[in-house]
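Place chain B on chain F using the hints.
2 protein chains.
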Amino acid sequence: MEFKRLTPYEEALSIVLNDLKEIEEVEYVPLKDALGRVLAEDIVASYDLPPFDRAAVDGYAVRAEDTFEAREYSPVELEVIEEVPIGENPNKEVIAGKAIKVLTGGKIPRGANAVIMQEMVKREGSKIYVLRPVAPGQNISFAGEDVKKGDIALKKGTILRPQDLALLKALGIRKVPVKVKPKVGIIITGSELVQEPSLEEFEKGKIVDTNSIMLSALVERYFGEPILYGVVPDNEDLIRSALEKAKRECDLVLITGGSAFGDMDYAHKFVNLLFHGTTIRPGRPIGYGERVFVMSGYPVAVFTQFHLFVKHALAKLVGAKDYEVKVRAVLEDDVPSQLGRYEFVRVMYRDGKAKVIKKKGSGIISSLVQSNAYLVVPEDVEGYRRGEEVWVTLY
Amino acid sequence: MEFKRLTPYEEALSIVLNDLKEIEEVEYVPLKDALGRVLAEDIVASYDLPPFDRAAVDGYAVRAEDTFEAREYSPVELEVIEEVPIGENPNKEVIAGKAIKVLTGGKIPRGANAVIMQEMVKREGSKIYVLRPVAPGQNISFAGEDVKKGDIALKKGTILRPQDLALLKALGIRKVPVKVKPKVGIIITGSELVQEPSLEEFEKGKIVDTNSIMLSALVERYFGEPILYGVVPDNEDLIRSALEKAKRECDLVLITGGSAFGDMDYAHKFVNLLFHGTTIRPGRPIGYGERVFVMSGYPVAVFTQFHLFVKHALAKLVGAKDYEVKVRAVLEDDVPSQLGRYEFVRVMYRDGKAKVIKKKGSGIISSLVQSNAYLVVPEDVEGYRRGEEVWVTLY
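Same order as they appear, the protein sequences are chains F and B. This note's numbering applies: residue 991 is where the first sequence begins, and numbers increase by one. This note's numbering applies: residue 991 is where the second sequence begins, and numbers increase by one.
Incorrect hints may have been included.
Stated by the list, open to error - Capping the alpha-carbon separation at 30 Å, the derived lysine-lysine pairs in DSSO-like fashion look like this:
#1 B:Lys1146 - B:Lys1306
#2 B:Lys1235 - F:Lys1022
#3 F:Lys1350 - B:Lys1146
#4 F:Lys1194 - F:Lys1259
#5 F:Lys1349 - F:Lys1194
#6 B:Lys1237 - B:Lys1146
#7 F:Lys1348 - B:Lys1138
#8 F:Lys1348 - B:Lys1311
#9 B:Lys1345 - F:Lys1237
#10 F:Lys1350 - B:Lys1316
#11 B:Lys1138 - B:Lys1165
#12 B:Lys1173 - B:Lys1011
#13 B:Lys1139 - F:Lys1348
#14 B:Lys1112 - F:Lys994
#15 F:Lys1343 - B:Lys1345
#16 B:Lys1348 - F:Lys1139
#17 B:Lys994 - F:Lys1117
#18 B:Lys1316 - F:Lys1306
#19 F:Lys994 - F:Lys1259
#20 F:Lys1349 - B:Lys1345
#21 B:Lys1350 - F:Lys1022
#22 B:Lys1311 - F:Lys1316
#23 B:Lys1237 - B:Lys1306
#24 B:Lys1165 - F:Lys1316
#25 B:Lys1235 - B:Lys1306
Stated by the list, open to error - Short, incomplete list of chain F residues facing chain B, as computed with Cβ under 10 Å:
#26 Thr1200
#27 Asp1253
#28 Gly1287
Derived from the structure by calculation, the hints contain no laboratory data. A virtual CB, placed ideally from N, CA and C, is assigned to each residue, including glycine.
Chain F on its own, in the form it takes in the complex:
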């Protein structure tokens, strides 16, 4: 038996994305646990940042106009009327002919509109001698120049990074509204699979299950909480019941093995698939329906299916933005491809160049290990030539 029709990749992906809805649940996590989580709502600044005009250097707060005549050969003399310790308030106001000593980060006193760096003046007792003019605003960080009250400081869908946490903290956000991680059920099928390798098992034709750890880690990396439903032998009833349980308990289900039409491929029978069989290579027999991806058994096919479909599905579920990086790279090898295939080509990207990984089989895990990016050859392209510049997506 063969696929009646191979759904073109872009069409298949649209089917998935149209079928899934962004999850609504929000949880509030402490800042220190928010790294890598997806912001569930826009964060609006409830005050200006910085909250007041601050000195950008150690020096003297002055009226800029008092310094306009200052020259090295005819310094302007100003009287220092106050010295403000850091973290405290100036008490006085700067008026004509006066200056107040301020420290970096300190509040600008009333009346002042500039700060002169202390290296730029001569100090004698309570007097300073200004050698050069300063412009209005010089060495001042103005209130709101980072973020203004009422502005959106961080957008819904942001995948939180260290600097985002810094901004959240500055804005007084202690518990961050993030999307609840979608529960992703993982079912591995295959009577040939064992968890512990041994020569004895190999003699029997058994091999080690690698999809459970790989998919768990991929799901973790892309916003999800993996839930393992174990390795199920090739038995219709066991597969059906594992699927039913996972569908009840999870937001998304990944089942590997059993997507093709081999003698032991059952999984696709128990799901109302919206498509089954696509133009992607490797990983052609993928199917999707009822929030279930029916995936291949071979690790390279599974990895491909994850990046071309599941990653985008997870991003949709949490509303994540900017979750992949595409870069230009000069090909170091030819990339042949057949028309009609959406080819997923593993490459090693480094410093603007992409080296094609030659080992091709769907079982060759080392081809994934030796690569860090992929390029795709769409259905209507016959391949690329060495020296061409192409887009690669990092993984």
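Okay, now just chain B, sitting in the frame of chain F:
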């Protein structure tokens, strides 16, 4: 007071990297906890992968030479002498005129040197009719074609990704030798800093400490275990004793605030610095010595210092390879710079283009939030022009 000499960036970085030694400690973590950790030794395959010749498709194991005469109009007849269930062993041997049914992933029977896809034959009872020749080796995954026994499957210094975990599992590695995370002490200094914002505190000229959360998250992301020593007011004794404690307990110490020569800048006095003051902008006053980075107080300066120095120091401590991604990008704006400065320019990289973030102050956290990469303008370059192609490093 000013810096006597600004150490050029590359020279300063070399000083740091020459001073630090890779840590020796290795710990063995379960595969599921190994994502993102740094492999502490080469992993050598103790057996072939796959461990035996496997069928790459469902079909019939044959001697290829028996099929060489097969044509659609004159099929070759072979007798099926066994059907091997998945995960079990073939018992018989394929001899001339015979075939054995095998499933994808199954062991290749003795005597066979190719597999015919089942779609390519007509089956009638115990006979198959082969319509086309198959080549020797066709549809067989050979033992060792992924990884050969004795080969290095994964190299020391690899930052473990999902596919790497899959390969480790396939090779029977259950506990992964990874570098112990270096302990990174973080000391934040500044009497003006508070943890909770309030208008009352702002009125007093206080601002919110953002460096502790940002540095913790950066350290976590780059292989380290952050250890917070709290926010220390600008007091020589307190700063000195926090530094002494952190130096005793940690592999690396980051202290922010107090690297410059302002009235409240103490930290640099308590460390034998190998350099103090560099050509980088922002973040010029950074100093390093005795496994301590004396850093700025402003978050953008701290972030810059982290990426230009601390990140590389952490990578050195754990021996991590390939921890940064550099991509080519076309500049959408001019980037002016002064000769003699090693300028760290925040950009938003997307699809091959880099937009320069215009907000420049060292306190402008939103400039970090709105960017995802940096480019550097070295000391001997006066800047770049809109439309030029430059390297940017993603963060």
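Quickly compare the C-alpha distance for Lys1139 (chain B) and Lys1348 (chain F) to 30 Å and report which way the hint goes. Holds, at roughly 20 Å.
Hinted contact Asp1253 (chain F) with chain B - closest CB pair below 10 Å: holds, 6 Å
Holds or violated: Lys1237 (chain B) and Lys1306 (chain B), Cα atoms, limit 30 Å. holds, 18 Å
Is the hinted pair Lys1349 (chain F) and Lys1345 (chain B) satisfied, with a Cα-Cα distance of at most 30 Å? This hinted pair is violated, its Cα atoms lying about 38 Å apart.
Does Gly1287 (chain F) pass the interface check with chain B, least Cβ-Cβ distance below 10 Å? holds, 7 Å
Is the straight-line distance between the alpha-carbon of Lys1343 (chain F) and that of Lys1345 (chain B) 30 Å or less? holds, 22 Å
Has the given pair, Lys1348 (chain F) with Lys1311 (chain B), been kept, meaning a C-alpha gap of at most 30 Å? holds, 23 Å
Checking one constraint from the list: CA of Lys1348 (chain F) to CA of Lys1138 (chain B), max 30 Å. Satisfied? Holds: Lys1348 (chain F) and Lys1138 (chain B) sit about 16 Å apart, inside 30 Å.
Hinted pair Lys1138 (chain B) and Lys1165 (chain B), Cα distance within 30 Å: Status holds; Cα separation ~21 Å.
Against the 30 Å threshold, does the CA-CA distance of Lys1165 (chain B) and Lys1316 (chain F) hold or violate the hint? Judged against 30 Å, a Cα distance of about 34 Å means the pair is violated.
Holds or violated: Lys1235 (chain B) and Lys1022 (chain F), Cα atoms, limit 30 Å. holds, 23 Å
So, as I understand it, the hint says Thr1200 (chain F) touches chain B; can you test that by seeing if any CB pair is closer than 10 Å? holds, 4 Å
Of the numbered hints given earlier, the model fails hints 9, 20, 24; all others are met.
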